[in-house]
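Fit chain E to the given chain Y structure using the hints.
2 protein chains.
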Amino acid sequence: MLEPMIGSMADELAHLLGDDALVTGSLRSYGSDATQLEGLIRAPEVVVAPGSAEDVAVLVQWAYRNEVALVPRGGGTGFAGGAVPIHGEVVVDMSRLNRVRALDPGLWRIHAEAGLTTATIHRLARENGLYFPPDPGASEQSQLGGNIATNAGGPHAFKYGVTGAWVTGLEAVVPPGELVRVGGPVRKDVAGYDLKSLLIGSEGTLGIITAAWLRLIPAPASRLPVVAGYEQTADACAAIESILASGVVPAAIEFIQGAAVDASRTSFPLTLPDTITLLVIAEVDGQPAETANSREEVRAALAPDSVTLWAPDAAAETAALWRWREGVSLAVAAEHGGKVSEDISVPLDRLREAIDQTVEIGKELCLPACSWGHAGDGNIHSTFLIDANDREDLKRAQLGGRRLHELAIELGGSISGEHGLGWQKRGRLALQWDARALELHGEIKRAFDPKNLMNPGKKT
Amino acid sequence: MLEPMIGSMADELAHLLGDDALVTGSLRSYGSDATQLEGLIRAPEVVVAPGSAEDVAVLVQWAYRNEVALVPRGGGTGFAGGAVPIHGEVVVDMSRLNRVRALDPGLWRIHAEAGLTTATIHRLARENGLYFPPDPGASEQSQLGGNIATNAGGPHAFKYGVTGAWVTGLEAVVPPGELVRVGGPVRKDVAGYDLKSLLIGSEGTLGIITAAWLRLIPAPASRLPVVAGYEQTADACAAIESILASGVVPAAIEFIQGAAVDASRTSFPLTLPDTITLLVIAEVDGQPAETANSREEVRAALAPDSVTLWAPDAAAETAALWRWREGVSLAVAAEHGGKVSEDISVPLDRLREAIDQTVEIGKELCLPACSWGHAGDGNIHSTFLIDANDREDLKRAQLGGRRLHELAIELGGSISGEHGLGWQKRGRLALQWDARALELHGEIKRAFDPKNLMNPGKKT
Chain Y
8 MLEPMIGSMA DELAHLLGDD ALVTGSLRSY GSDATQLEGL IRAPEVVVAP
58 GSAEDVAVLV QWAYRNEVAL VPRGGGTGFA GGAVPIHGEV VVDMSRLNRV
108 RALDPGLWRI HAEAGLTTAT IHRLARENGL YFPPDPGASE QSQLGGNIAT
158 NAGGPHAFKY GVTGAWVTGL EAVVPPGELV RVGGPVRKDV AGYDLKSLLI
208 GSEGTLGIIT AAWLRLIPAP ASRLPVVAGY EQTADACAAI ESILASGVVP
258 AAIEFIQGAA VDASRTSFPL TLPDTITLLV IAEVDGQPAE TANSREEVRA
308 ALAPDSVTLW APDAAAETAA LWRWREGVSL AVAAEHGGKV SEDISVPLDR
358 LREAIDQTVE IGKELCLPAC SWGHAGDGNI HSTFLIDAND REDLKRAQLG
408 GRRLHELAIE LGGSISGEHG LGWQKRGRLA LQWDARALEL HGEIKRAFDP
458 KNLMNPGKKT
Chain E
8 MLEPMIGSMA DELAHLLGDD ALVTGSLRSY GSDATQLEGL IRAPEVVVAP
58 GSAEDVAVLV QWAYRNEVAL VPRGGGTGFA GGAVPIHGEV VVDMSRLNRV
108 RALDPGLWRI HAEAGLTTAT IHRLARENGL YFPPDPGASE QSQLGGNIAT
158 NAGGPHAFKY GVTGAWVTGL EAVVPPGELV RVGGPVRKDV AGYDLKSLLI
208 GSEGTLGIIT AAWLRLIPAP ASRLPVVAGY EQTADACAAI ESILASGVVP
258 AAIEFIQGAA VDASRTSFPL TLPDTITLLV IAEVDGQPAE TANSREEVRA
308 ALAPDSVTLW APDAAAETAA LWRWREGVSL AVAAEHGGKV SEDISVPLDR
358 LREAIDQTVE IGKELCLPAC SWGHAGDGNI HSTFLIDAND REDLKRAQLG
408 GRRLHELAIE LGGSISGEHG LGWQKRGRLA LQWDARALEL HGEIKRAFDP
458 KNLMNPGKKT
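The listed protein sequences derive, respectively, from chains Y and E. Quick note on our numbering: the first sequence kicks off at 8 and runs consecutively. Quick note on our numbering: the second sequence kicks off at 8 and runs consecutively.
Hint data in this document are derived by calculation from the structure and do not stem from the laboratory. Treat the hints with care, as some may be off.
Stated by the list, open to error - Keeping only pairs whose Cα atoms sit at most 30 Å apart, straight-line, the calculated DSS-like set for lysine-lysine is:
1. Lys458(E) with Lys458(Y)
2. Lys452(E) with Lys452(Y)
3. Lys402(Y) with Lys370(Y)
4. Lys452(E) with Lys458(Y)
5. Lys166(Y) with Lys458(E)
6. Lys370(E) with Lys402(E)
7. Lys452(Y) with Lys402(E)
As the list claims (entries may be wrong) - A partial selection of chain E residues facing chain Y, derived with a Cβ cut-off under 10 Å:
8. Gly113
9. Val169
10. Arg194
11. Val197
12. Leu205
13. Ser301
Said to hold, decoys possible - With the Cβ distance kept under 8 Å, some of the chain E side facing chain Y (calculated, not the full set):
14. Asp27
15. Leu29
16. Ile422
17. Gly427
18. His448
Because the structure is a prediction, the values reported are computed rather than measured. C-beta: ideal position from N, C-alpha, C; glycine also.
Next comes chain Y alone, as it looks inside the complex (with noise of 0.2 Å):
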């Protein structure tokens, strides 16, 4: 793209949605996402930051007008870097749409625009005694808008399941350059085909969403969990399928595989002995004498063959627990520099297998690998560790990823369980798929979006 191109560019979009809407200064920091390679960094060359739906929408009029290509962008903490442009599209930051349009306790709802933070979501919802379960994780940046697009997970997916379980209605613009809205403050509609379902997780690829409504709920009043370490796998494996024979019905099930608790072990509450090869973290939620109740049956469950079971009662201990959790992944890619992490998901009686072949693959391609996740829905964070500047390394962490998306459909799975596709598994979706349901995607994708401006590339 030439200079006078760009520049001129950039002076239409500031004519149309204002000199506020043009995000000037360095733009490096949109040029990549969570993910952190070298190989996804592609600094954009024009930002917009519009300021409501219906600059959104004059946007998306604009690009069609002119063949322009558009990359949304939320917090910019995805994993698959959905977010990040490849070819030159002009990026728009979603963060100035962050108005609350209504919130109504009473109600358990609430109408939030794309641009909220998850933070800022979860934070209202406790104001009001009420709970927004999805929790995937980097809740100061992460946006609403960007959850909702990647149907993002989290831990407590296993009780509550994903984002999209908690939008009632979507206002989205799709092109080229229409403001439509699909559900909304109600929670039962089968009225038409499931358009909301196929704008959430579609990644930016169909169109921008610009506000949602949400279900909440009340509060839990008490959550208690229990940690249990196992020197074999196939021992903390059983002892999920446990918790599940139990009848309790956990919050949260997550595993996280010896290596990968190593490299975090100076910050975990409790000394943890050196042996543990799985670490398994239960917690269950709701009324206080219930969940009292509900943890002594998990405690039962997780301790045969443990060696390490713990059980804290005080809420800052599982505050503390929890910010340890989340912290593992940074404390991983800290070991070698850099990290490639999949998300793949299988059944939970094929869990033992992906984790152990997972390290099976990094031993055939000489990298050190481990993984951790959401034990519960079968959700593994299969990574790799690698030397982020070294680019054989890249390659062969790459290879891996292959290797572990054909593992996840071997055992039954799905190549992604809450990452996405974004563009680092461009080209996947036909490992999974029958052709037909394959020839519907893009289908779908053209009706949408016949020009092919809308994230090209991603989500295939």
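The following block gives chain E in isolation, referenced to the frame of chain Y:
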């Protein structure tokens, strides 16, 4: 359609799918559904019952080759004419696809074919200490495939969500006759666009669902209802909002208007005062001690202004209450020989207006009117009582339906909360959706079914 053509079509299908697959004898029962309206009884000429998912694929290939339209049909218990042939389509009876492909109680999941009845799924779950929450009614007749194809709701959708919330994967035949699979025995999958949700609720217009992977959960040990009667609709609606303010999450919050209670008063397990304008049933479930506590909260929320307050403890009483609740629809229909019931949904704070306006619209059209339904979800079965053989009555009731749809949209709701559009509400989506969303609806239909042979004319 001419007699010889029908004869040869039947022969051809018997040859293709086996003699067993050709349904013989009177086909009249295939010509209507639970609406039981004269205008919606059109007995088909040919009914086939394929014996396997592969045979469904063969059938759709045949239909596409010969340009014959198909109407897939489960238990025929729908309320929108969705499974009724209109222009001589071949009806596809799914009841022979009734195999449980896998039941994994320890992993809380089942892989079931589309023709299994809802009652069978409920029983299989129950026998294994588990629970499949969707309870759209007519459980002995309604089938899994039909429930998924309409995304059926029911009373307990308030806490547990509608049928689609329990489907982790689908197998379906889509034109021109491919057996595709989206999702599976995995709890998280964001690889492709959400084709699974697109098929859920598509009423057989995009393809024929042949099997599903379902999530189950441990059965709640206890369920306790509270029944409260009110003389004023406003008091009842205020009481319903008080339940939400109490912080309890009930499993169900139902309402039945006085006129509907009157139609079934004799079978109610308790003697109710004549002055009741609105009856509310709220139920809580969970562990016994917690459930008892929550029930007290619900009772306290419902008590003010109530003229009846009943909180039965015996499981037999609870069962009798729900049997009565399920019979309300038939009892009301019996009053004048027929009824036209809608299923609009509105935001909860507009429930009172929807209830009052239903009666007003009835008055203007000189038809007795009343409503009942899933109060917590704002999902109302607004009903006009008619003489089913009186064409004038039917016409006025249909006009009333149109007025109700306009009302639902005016109140920020949906023209269908759980029945779908079927044939009865054809053309009405245009009232609710933006032009571009409606256009995308049509393009999705064309992408899946370019020859418009899958349940044509429905879901528009």
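Cross-check of the supplied hints:
1. Lys458(E) with Lys458(Y): Measuring from Cα to Cα gives roughly 25 Å; hence the hint holds.
2. Lys452(E) with Lys452(Y): 14 Å, holds
3. Lys402(Y) with Lys370(Y): Holds, because 15 Å separates the two Cα atoms, which is no more than 30 Å.
4. Lys452(E) with Lys458(Y): At roughly 20 Å apart (the allowed maximum being 30 Å), lysine 458(Y) and lysine 452(E) satisfy the hint.
5. Lys166(Y) with Lys458(E): Outside the cut-off at roughly 42 Å; violated.
6. Lys370(E) with Lys402(E): Within the cut-off at roughly 15 Å; holds.
7. Lys452(Y) with Lys402(E): 41 Å, violated
8. Gly113: 6 Å, holds
9. Val169: 6 Å, holds
10. Arg194: 4 Å, holds
11. Val197: 5 Å, holds
12. Leu205: With a minimum Cβ separation of about 6 Å from chain Y (threshold 10 Å), the hint on leucine 205(E) holds.
13. Ser301: OK, holds: serine 301(E) within 10 Å of chain Y, min 8 Å.
14. Asp27: Cβ of aspartate 27(E) sits 28 Å from chain Y, so the hint is violated.
15. Leu29: Nearest chain Y Cβ about 28 Å off; hint violated.
16. Ile422: Holds, about 5 Å.
17. Gly427: Holds - the Cβ of glycine 427(E) comes within 8 Å of chain Y, reaching about 5 Å at its closest.
18. His448: Status holds, d = 5 Å.
Consistency note: the structure conflicts with the earlier hints numbered 5, 7, 14, 15.
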